[in-house]
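First to last, the sequence lines map onto chains A and B.
Be aware that the first sequence starts at 12, since it is given in the working numbering, and climbs by one per residue.
Be aware that the second sequence starts at 14, since it is given in the working numbering, and climbs by one per residue.
Honestly, the hints are just simulated from the structure, not real lab data.
Treat the hints with care, since some could be wrong.
In the DSS-like style, the derived pairs of lysine-lysine whose C-alpha atoms are separated by at most 27 angstroms in a straight line are [claimed, not checked]: (1) B:444 to A:45; (2) B:463 to B:444; (3) B:457 to A:127; (4) B:553 to B:444.
Each pair of labels, with its calculated beta carbon distance range [as the list claims (entries may be wrong)]: (5) A:72 to B:407: 47 to 55 angstroms; (6) A:106 to B:564: 32 to 40 angstroms; (7) A:75 to B:448: 24 to 32 angstroms.
Facing chain A, according to a computed beta carbon distance under 10 angstroms, are these residues of chain B, among others [claimed, not checked]: (8) 440; (9) 442; (10) 443; (11) 445; (12) 447; (13) 448; (14) 449; (15) 454; (16) 455; (17) 483; (18) 486; (19) 538; (20) 542.
We put the CB at the ideal spot given by N, CA and C, even for glycine.
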Amino acid sequence: MEPQKKYTIILADDDFDDAEFFESVLADVAPQIKFVHVEDGRDLLRLTQTLAPDVVFLDINMPRVDGWQCLKQLRESEAGERLPIFMYSTSSHARDQQLSADLGASGFITKPSEIKVLRQVLTDITKKIIDGDGAAV
Amino acid sequence: MSDSGEKKTMREGAQQSAVDDKSNFGHLIDAIPAIVWITDPSGDCTYLNQNWYEFTGQQEHEALGYGWLDATHPEDKQMSADIFLAANAARKSFRIIYRLKRQDGQYRWCADTGRPKFNATGEYEGMIGTVVDIHEERMAAEKLRNTSAHLQLATSASNAGTWELDVKTQTLTWSEYHKKMWGYDPAMQNLVYEDWHRVIFPEDRDEAFNRVAQALQTREQYEAVYRIKRANDGVVRWMKSLGRYDYAANGDPLILTGITIDITEERNAIESIRQKEQKFRLLAENLPQIVWVSDFFGNHEYRSSRWVEYFGSDDLETGWISRCHPQDRDRAESEWNRGKDEQRSFQFEVRIKDLHDTYRWHRSVAEPITDDQGKVVKWVGAFIDIHDMKTLEDQLNTLVAKRTFELARSNEDLQQFAHVASHDLKEPVRKVKTFVDRLLHDFKDELPEKAVSYLDRIDRASNRMQAMINGVLDFARIDSSRIENERIDFEDLLSKIKEDLELLIVESKAHFTYRDLLPLTGTPILIYQLFYNLISNSLKFVTPEVTPVINITTERIPYSPASDSSGGKSFIRITLNDNGIGFPAGHSEEIFKTFVRLHSRDRYEGTGLGLALCRKIVDRHGGTIRAEGVEGKGAKFIIDLPE
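Input sequences plus hints: build the corresponding full structure.
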């Protein structure tokens, strides 16, 4: 039985490889954080209510409810209003980065392909969660 | 003429005798409508009748003796005196024509006739004579002489010879000139009909002969044109003879009188015109165009056979205007009238219907023909069938419009495609990279060295692919991005780039030199991309062991009306110099093309898109970018961006 983890990160991504990579690096960087993977925005919105995650990562292109819709709805909801939300996408388009900022995302991360880079990103973010004990990143 | 006392006495005696005469015949002599005079044996005039004094206005004492000579014309005086004295000395009759001054001052031509007078014993008594005014006759004769001289001049100047044929004897009388025309000696006499006839060209002989006979028959003017072969030199000349018969009271023809004119020059001129016209026609008939010739007013005088072939009618009255397409007719007619009025060459395009009522496009051209004075006398023109050309042109225009539209659409599609494709391509490449990385990370120690090396190569290849996809994506994106005119702090922008390229800069120990850079105007993301690419190029393309140095300067290029290319704007010129590998001088344009690589992939990384992207960004901002390089000594980029 896995010990009760104190923090939770939800990743919404329809790409299983990416999710697996993310989970693997996260487990390495911050094993104390619980990782939840959902395949689309709809599941994320539902689980956010119940799981009260500390950080959310959103892919943009997803079936049913995409990353942008998800971000908008979260920011409009009570639960997601102050939640650290990171866009996590293949895109490196400036337009997407701009939109992300406009819709109130906490950051825009272009999916890295190197462990080194992803480690760095996740280390930075989880460190803030742990240090700030759930305070806004 | 001495004035001795002896003579004087004699004169007085004679005068006395004359007075006696006068008393007897005076009234009779004065009644003669002539001047009568008497001289004594010495030549002194002893008597002049009243007519002299009335004519000349002289007094008796002025006229008698030799005083009468003073009334003659100064030019005639000496001559008159000489003749009179000579006749008097020889006691012979004489006649002098001299000009005599009339009372009114006018000199009149007069004939002075005298003859010697002898008494019964044969002793010489002097002269008696008359002076008659012959002025009118003399003038008439003079005039006649002048006229005939003129006539002679006229006939010879116009190459005319005169002739007469005695019908009965068939003898010819020719003027000298006529003889010369025929190549005969001018002195030749006893010409006969045959002398005229045999010089005529054999082909023309019968005709000329028949004309003579015909004129006799119809009693009309004789007229013939024929060639002669000159008797002396065989030269061929064209002649025209005109003549008229004179008839006797009984109606028999007596003489045929006429002139003959040499018309060779005129004939040659006509012949040369005829030949020219023939040549023109030959040319016109063989041209594929419809050729026409009109008079000054535009009435057709000639139409080439193509006209008949096209319109089906040779009727010169049929105008082409009625065959014009209704939509073109007014325009064509006004063009034609305007060209005619302005007397200049002109052309216009018009649809004309052929004999099957099918319209075809023609270009109508017309050229004025002027005389020596530059006056328009004729028009020559043509209808050139341009239907196929015109149709093709229309088709081409439609096609071009269609293609342009298609191109615009496909260009749009291409951008869309590039965006989608590269976006979707990024996914698997990133995955390849991810798993290569994870393989190396998780199993590096367990893998044989060769496997690690292979994985390295996979990684490098996927890196390149990723860079290329990003490049294509960026490239496609520039066209769709809106250009903003934001003010950009250039030094801030460079700091940001340096941050983003930190790893590369630290590795290469690159050194930047710039200060007091001017702000730029543009879309920040794109300007960032522009200098990011240029700087990363400078960092990438370096000679090993050389520390990269990048120098950047700015300067304002004010608007100059002289350089038209500026489009009324002032520019900021940014000059970026590096000390890298540079490029061959001839490649300064090449390097801005997409996917052009000047260096082998193994030595220097690059996608072949970086500079193409830079040019596109600068183009989109309405600026220019050019490169100067010396291979092995560094590159220099000069960018002019509108301020």
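For this session: Have a go at the residue 449 (chain B) hint: is there a Cβ in chain A nearer than 10 angstroms to its own Cβ?
Result: holds (8 angstroms)
Exercise. Once the shortest beta carbon distance from residue 440 (chain B) to chain A is found, is it less than 10 angstroms?
Worked result: Cβ of residue 440 (chain B) sits 6 angstroms from chain A, so the hint holds.
Problem set entry | Verdict for residue 72 (chain A), residue 407 (chain B) (Cβ pair) under range 47 to 55 angstroms | holds (49 angstroms)
For this session: Under 10 angstroms, Cβ to Cβ, is where residue 448 (chain B) needs to be relative to chain A, so tell me if that hint holds or is violated.
Result: Since the shortest Cβ distance to chain A is 8 angstroms, the answer is holds.
Problem set entry | C-beta pair residue 106 (chain A), residue 564 (chain B): status relative to the range 32 to 40 angstroms that was hinted | holds (33 angstroms)
Exercise. Given residue 443 (chain B) was flagged as interface, is its beta-carbon under 10 angstroms from a beta-carbon of chain A?
Worked result: holds (5 angstroms)
For this session: For the pair we were handed, residue 444 (chain B) and residue 45 (chain A), check the Cα-Cα distance against 27 angstroms.
Result: holds (24 angstroms)
Problem set entry | Residue hint residue 442 (chain B), partner chain A, criterion CB-CB below 10 angstroms | With Cβ-Cβ at 8 angstroms, under 10 angstroms, it holds.
Exercise. Under the criterion of a CB-CB separation shorter than 10 angstroms, is residue 447 (chain B) in contact with chain A as hinted?
Worked result: holds (4 angstroms)
Problem set entry | Restraint satisfaction for residue 454 (chain B) [CB to CB of chain A, less than 10 angstroms] | holds (5 angstroms)
Exercise. Are residue 542 (chain B) and chain A close enough, Cβ to Cβ, to be under 10 angstroms, as the hint says?
Worked result: holds (9 angstroms)
For this session: Tell me if residue 445 (chain B) is really an interface residue toward chain A, meaning its C-beta lies closer than 10 angstroms to one of theirs.
Result: Cβ of residue 445 (chain B) sits 8 angstroms from chain A, so the hint holds.
Violated hints: none; the structure is consistent with every hint.
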